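*Asks:* Guided by the hints, dock chain B onto chain A, whose structure is given.
The chain contents come next:
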Amino acid sequence: MHERHFAFLDESSKKEIRRAVLKAVAIPGYQVPFASRELPIARGWGTGGLQITLSLVGKDDIIKVIDQGSDESVNAVSLRNLIQETTDVASTIHTTEATLIQTRHRVPEQPLKEGQILILQVPLPEPLRNVEPSEYKTKKLHAEADYSGAWLKLFEDIMCYGQAATGADHPVFVNDRYVMAPTPIPRFDNPKLDHNPALMLFGAGREKKIYAVPPYTKVVSLAFDDYPFQRERFVGKKCRLTGLENVYLDELIDEATGEVYYQTNDSSYLLEFLNRDEGAGTV
Amino acid sequence: MGYVAVQGGAEAIRESILLARYENCLDGTSISLTEIKANLKKMVDSVMSESSLYSPDLAALALKQAQGDPFEAIFLLRAHRSTLPRLYFTTVTDTAEMRVERRISASFKDILGGQILGASPDYQHRLLNWDLINETEADVIAFRDQYYAAILNAMEKTAEASFEEEGRFPKVVDSLRAQNLIPQPVLCDEEPRDITMEPLVFPSARSLRLQILTRGMTGAVTALGYAKIRGYGFNNHPTIGELRVGYLPLYVTSELSGVCEEYYIGEIEVTEVEAFMEEDRQEADEKNQLGIGLGYGLCFGANEIKAIAMSVLEHSMENPTPGDPTSDEEFVLLHVDTVEATGFVSHLKLPHYVTFQSKLDRIRDVQRGNNHHA
Chain A
25 MHERHFAFLD ESSKKEIRRA VLKAVAIPGY QVPFASRELP IARGWGTGGL
75 QITLSLVGKD DIIKVIDQGS DESVNAVSLR NLIQETTDVA STIHTTEATL
125 IQTRHRVPEQ PLKEGQILIL QVPLPEPLRN VEPSEYKTKK LHAEADYSGA
175 WLKLFEDIMC YGQAATGADH PVFVNDRYVM APTPIPRFDN PKLDHNPALM
225 LFGAGREKKI YAVPPYTKVV SLAFDDYPFQ RERFVGKKCR LTGLENVYLD
275 ELIDEATGEV YYQTNDSSYL LEFLNRDEGA GTV
Chain B
4 MGYVAVQGGA EAIRESILLA RYENCLDGTS ISLTEIKANL KKMVDSVMSE
54 SSLYSPDLAA LALKQAQGDP FEAIFLLRAH RSTLPRLYFT TVTDTAEMRV
104 ERRISASFKD ILGGQILGAS PDYQHRLLNW DLINETEADV IAFRDQYYAA
154 ILNAMEKTAE ASFEEEGRFP KVVDSLRAQN LIPQPVLCDE EPRDITMEPL
204 VFPSARSLRL QILTRGMTGA VTALGYAKIR GYGFNNHPTI GELRVGYLPL
254 YVTSELSGVC EEYYIGEIEV TEVEAFMEED RQEADEKNQL GIGLGYGLCF
304 GANEIKAIAM SVLEHSMENP TPGDPTSDEE FVLLHVDTVE ATGFVSHLKL
354 PHYVTFQSKL DRIRDVQRGN NHHA
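Protein sequences appear in the order of chains A and B. Everything in the first sequence is counted per the numbering used here, starting at 25 for the first residue and increasing by one. Everything in the second sequence is counted per the numbering used here, starting at 4 for the first residue and increasing by one.
Chain A on its own, in the form it takes in the complex (with noise of 0.2 Å):
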């Protein structure tokens, strides 16, 4: 067997994302472009969250994974496995215990605290590609602040439909300076991180970007005064396990009764809750 280096990459290459990761936290809402590193996973699997772990993650951390909500879907396991076997860390499901949390498409439901870090993999960081295809554009708008794009885009929504059709990753405002990708998180995590107390690093492998929500930084989801943000209703349904309700559901069918039902998504948050319905969890 040949030796892997801690974290599997070079030192330079972690500084170089490190250095990175400092000038995105010194401008909130801001995309600092990186030289990407290739990793042994694919690109579009999560190589922009994965790099920024590998790159401050210390002998002390303790490192949590999850990927839609949930520590055992197919990648987060994966990408334990992979930050495990290079580091020898220690891994949890608790959102309370970890001290990096990496994450798909979801903020978890039990609310982060100062000092940890929230990584969130990043498929497409830039929030006006769908409004201006190039590169080079979207970086002038960007650096002339000039979101009348963005604006447009959810006035067409409204005319259309009546409402913003964004689905996940709806747009916000970021230190009222950037307009920002949220990642597809469910429009349900955006209030979320608002003035969160954790530090939120955000990384687009294939993108080569890197972005950051420092602590306690306003963020607002895009919206008119008269048509306010809105979150996904899950109006009448609660968790069919715990009878939750403020919580993002997943909707399933039932195989016997062939019946829509609803659970919590945040998977570790709902084996916590039925701990300690049964009194032997720690939340």
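Don't read these hints as lab results, they were simulated from the structure.
With beta-carbon atoms standing in for the labels, derived distance ranges: (1) B:ASN27 to A:GLY186: 51 to 59 Å; (2) B:TYR126 to A:HIS29: 43 to 51 Å; (3) A:GLU27 to B:SER33: 23 to 31 Å; (4) A:GLU27 to B:ILE34: 23 to 31 Å.
Only a predicted model underlies this, so the values are computations on that prediction, with no experimental measurement involved. Virtual Cβ for every residue (Gly too), placed ideally from N, Cα, C.
*Replies:* Just chain B, lined up with the frame of chain A:
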């Protein structure tokens, strides 16, 4: 709930990996790296080129592990590349120093030094060779020895003869430069940028464009190069001034001995193309003048189609035509990388139920009748 049950993913993954290994072992045979390098050389070449890592041994290993899937093999090598610190850069290599195995020109019937066909499938009919079904190692060795003896005989040399001194040829493009048909190149002493060490920002530089093209996916570079000469931007197809396949010596500098010295570190096989492109030039008196421009292609190993297509795209981006997608550097450079294209397309297999739920929520809301303020 399929493959994202609340728990159990880790176990399912372990079993999937074991099954993949089992299926690869079903036939009870194993191919050696030597066999891969010897019998699948072109594949090894294109894998080295697209992974931008020149190592036939590692490429053969990657191909074996990937069960012959070039995308997987390139992915493995690119990941391996990320673990290697960069200690040295090679010094400038003059391709006129190439030890040529094959060189042809489509522009001239006769070129200084002669056309050398070398080994190529270009002159064969693509008929299945049924003899290969039962070919044995003995057959291969017999043909090899017999052929080699015949060559030595024809050259009146003995088995100990060395061919080392052979293979240096003048470049076709130099004769056109001497006639002022092609302008002398402007010498550029700007340090080349390294696409793997710094981000690509637009507008990019020529050194970055050449690097992305040379490591680009053979199929993608070929398809876009084809689009360019077929109808998107160019209606006057290029003429290959010279195509060469051969070996280039490489050197690095080091101050290990106290003074800065050059060290020879080996040679690499490359394919090089210089293509002639008809160009409009504005003269000082504002009259239009026809001239010949140059498109340049170079890639690891023997991969002629990619090198030709690269020369077309390189020239296309250097001399952009408005509205032509193949001269839009963002369109070309951001989409020809093997690892990026295959990675993003394959990520569609990942679960997307959170985002899809969000989309469903919107669609249902809209279908319910724009009940926005409810």
